[in-house]
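S.K.: The listed protein sequences correspond, in order, to chains A and B.
With positions in the first sequence counted from 1, the corresponding number in our numbering is that position plus 639.
With positions in the second sequence counted from 1, the corresponding number in our numbering is that position plus 63.
Don't read these hints as lab results, they were simulated from the structure.
Computed from a predicted model, the values in this text were never measured in an experiment.
Treat the hints with caution; some may be incorrect.
[Stated by the list, open to error] Lysine to aspartate or glutamate pairs mimicking DMTMM-like chemistry, simulated, CA-CA at most 20 Å apart:
hint	chain 1	residue 1	chain 2	residue 2
1	B	K187	A	E688
2	B	K130	A	E644
3	B	K130	A	E660
4	B	K381	B	D292
5	A	K691	B	E182
6	B	K284	B	D436
7	A	K723	A	D673
8	B	K130	A	D661
9	B	K130	A	E716
10	A	K691	A	E716
11	A	K646	A	E704
12	B	K319	B	D90
13	B	K130	A	D655
14	B	K113	B	D280
15	A	K666	A	E700
16	B	K381	B	E438
17	A	K691	B	D192
18	A	K691	B	D90
19	B	K284	B	D190
20	A	K691	B	E72
21	A	K691	A	D661
22	B	K130	A	D678
23	B	K130	A	D673
24	B	K381	B	D423
25	B	K130	A	E704
26	B	K130	A	D721
27	B	K130	A	D651
28	A	K691	A	D721
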Amino acid sequence: MTADEIKLAIIDILSDIAPDEDISDLKEDVAFRDQLELDSMDFLDIVMELRKRYRIQIPEEEYTELASMSSTVKYLEPRMRDVKQ
Amino acid sequence: MVAERPDRERIVITGIGLAAPNGNSLDEFRQNLLAGRSGVRAYETRYFGKTVAGVCDFDELRYQRRKEVRRGTRAGGLAIYCAHEAIADAGLDWQNVDRSAIGIYIGVTEHGNVETENEIYQLKQYDYDTQFWSHHHNPRTVANNPAGEISLNLGITGPHYTLGAACAAGNAGIIQGVQMLRLGECDVALGGGVSESIHSFGIFASFNSQGALARHDDPTKASRPFDADRNGIVVAEGGCITVLERLSDARARDAKIYGEIVGHAMNSDATDFVNPDADRQAQCIRLALRRAELNPEDIDIVSTHATATTTGDVQESKALRQVWGGNGRTVFNNTKSFIGHAMGAAGVLELVGNLPAFSDGVCHATINLDRPDPECELPGLVANQPREVGPVNYILNNSFGMLGINSVVIVRRT
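Here chain A stands alone, though its shape is the one from the complex (with noise of 0.2 Å):
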């Protein structure tokens, strides 16, 4: 998967997690938690989705890089590289 398709797998993991709020214009260098109402059942649900979808696996220590759009991505990229979508 390129960058812009993790963003889009991202964006449609988030209008699941957070089915009442705008995702449409989402700041990429803004943490999630700035702009979203999420909490930590939330974040585990985005690691649990990447796991059930596409098989990737975050280890714990490195939850916080999932922290914004844009350190996701750069995170998510050497690892999902080679996924189909």
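We have chain A already, so just place chain B on it with the hints.
M.R.: Chain B alone, transformed into the frame defined by chain A:
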């Protein structure tokens, strides 16, 4: 000694919120009970396939955001809807109520089966690899979940818990509220019960294996308590929560009062996992009457528990004949004939659907009673059409459950 209790120990119902298969408010529910309108419909569930059930259609998003619905449980959603409706109905000044003094006591027949079945179904798609098991499973399945979801949604910081009491749970929720108010553990109690059971295939399959699941070509005729052609339970979902307050507090704020809880009792058969015991049921009813200082003939309406199982209806009829003797002025009805068996919500839904009789003097019917079973003989049973019975002062509500748990609540007109 009811008459001698001071007003601060007399507990009254000041608000009602409900979601039933045939109504999303007391007014709608009562109208449909008087009109003979069933809430049972065709239903299909995972693995088990086609059956019938009592299904609710309340607006889940009236008091919850999509995210809360997604994260929570159906039982929690039912509980939140009913709690909001009850609080609004009670006219409590919500912005100024001390939320640390509100207790939440919610009866459940079971909780967690739906969420566990869903999770296992999901896990099957991942070849039972438990790393795909949701982190939401535990908070969804802890036994206090439906009460806890009310607390979270409404910011209530007083005590909250559920009461696992099989199908006696609706009465148990009210009884707990009454007791906690008398003990001074809270100043307002939300007491009632909920059930999400129709979302578990297991409950249908288990009743079916037991030979106790209703079937009928016309879903609205499937629930037939006391009828010779009854063939089992119609499973239903639902919820009902009452606002309970001390009479002194209710009078001080000039609250509308639906009635006073003047008697209650709970006991155990100690005989069988599923088959009820008429003697213990009769004993439970007599205990509630004695605590209320009433004789059986003082009761105007008895809301029966009968679920339309072969044995259960015979046993309850026997218990009622033991207590009332079969010749009194008391009339009997049954709500499950309209909505099926709403499990943890059944007791409280069945009670509140009768409370308007205090003002309209009408006993709603037991529908689908085409061929009364002689073994369920019950003089005074109001069959198929509502009956004007004149002034109603006392209503007694039976609610019994598996493992031999019995509960009775008596409400007096105020």
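S.K.: Each hint needs a verdict: does it hold in this structure or not?
M.R.: Now for the hints, and whether the structure bears them out:
For a cut-off of 20 Å, the pair hint linking K187(B) to E688(A) stands: about 16 Å separates their Cα positions. Taking the CA atoms of K130(B) and E644(A), the gap is about 25 Å. The hint is violated against a cut of 20 Å. Restraint check for K130(B) and E660(A): satisfied, since their Cα atoms lie roughly 9 Å apart, inside the 20 Å limit. Distance hint between K381(B) and D292(B) is fulfilled; the C-alpha atoms sit about 19 Å from each other, no more than 20 Å.
A threshold of 20 Å between alpha carbons decides the hint, and for K691(A) with E182(B) the separation of about 13 Å falls inside it, so the pair holds. Distance restraint check for K284(B) and D436(B): the Cα-Cα separation of roughly 16 Å lies within the 20 Å cut-off, and the hinted pair is therefore satisfied. Between K723(A) and D673(A) the CA atoms are separated by roughly 31 Å; this puts the pair beyond 20 Å, and the hint is violated. A hinted pair counts as satisfied when its Cα atoms are at most 20 Å apart, and K130(B) with D661(A) qualifies at roughly 13 Å.
Distance check on the hinted pair: K130(B) and E716(A) sit about 28 Å apart at the alpha-carbon level, beyond 20 Å; violated. This hinted pair checks out: K691(A) and E716(A) have alpha carbons roughly 17 Å apart, not beyond 20 Å. Between K646(A) and E704(A), the direct Cα distance comes to roughly 14 Å. Compliance with the 20 Å bound is thereby established for this hinted pair. Straight-line distance between C-alpha atoms of K319(B) and D90(B) comes to about 15 Å, which keeps the hinted pair within the 20 Å bound.
A threshold of 20 Å between alpha carbons decides the hint, and for K130(B) with D655(A) the separation of about 9 Å falls inside it, so the pair holds. Of the supplied pair hints, the one linking K113(B) and D280(B) holds, its CA atoms being roughly 11 Å apart against a limit of 20 Å. The suggested pairing of K666(A) with E700(A) is violated, with an alpha-carbon distance near 24 Å, which exceeds 20 Å. Between the alpha carbons of K381(B) and E438(B) the distance comes to roughly 9 Å, so the proposed pair stays at or under 20 Å and holds.
Between K691(A) and D192(B) the alpha-carbon distance is near 11 Å, which keeps this suggested pair within the 20 Å criterion. A distance of roughly 46 Å separates the Cα atoms of K691(A) and D90(B); the hinted pair therefore is violated under the 20 Å criterion. Taking the CA atoms of K284(B) and D190(B), the gap is about 42 Å. The hint is violated against a cut of 20 Å. Using a Cα cut-off of 20 Å, the hinted pair K691(A) and E72(B) is violated, with the two alpha carbons roughly 55 Å apart.
The straight-line distance between the Cα atoms of K691(A) and D661(A) is roughly 24 Å, outside the 20 Å bound, and the hint therefore fails. In summary, the hint linking K130(B) to D678(A) is supported, as the alpha carbons are separated by about 12 Å, within the 20 Å threshold. The hinted pair formed by K130(B) and D673(A) meets the criterion: a straight-line CA distance of about 17 Å does not exceed 20 Å. Using a Cα cut-off of 20 Å, the hinted pair K381(B) and D423(B) is violated, with the two alpha carbons roughly 30 Å apart.
Distance check on the hinted pair: K130(B) and E704(A) sit about 24 Å apart at the alpha-carbon level, beyond 20 Å; violated. In summary, the hint linking K130(B) to D721(A) is not supported, as the alpha carbons are separated by about 32 Å, beyond the 20 Å threshold. For the hint pairing K130(B) with D651(A), the CA-to-CA distance comes to about 15 Å; that is within 20 Å, so the pair holds. The straight-line distance between the Cα atoms of K691(A) and D721(A) is roughly 16 Å, inside the 20 Å bound, and the hint therefore holds.
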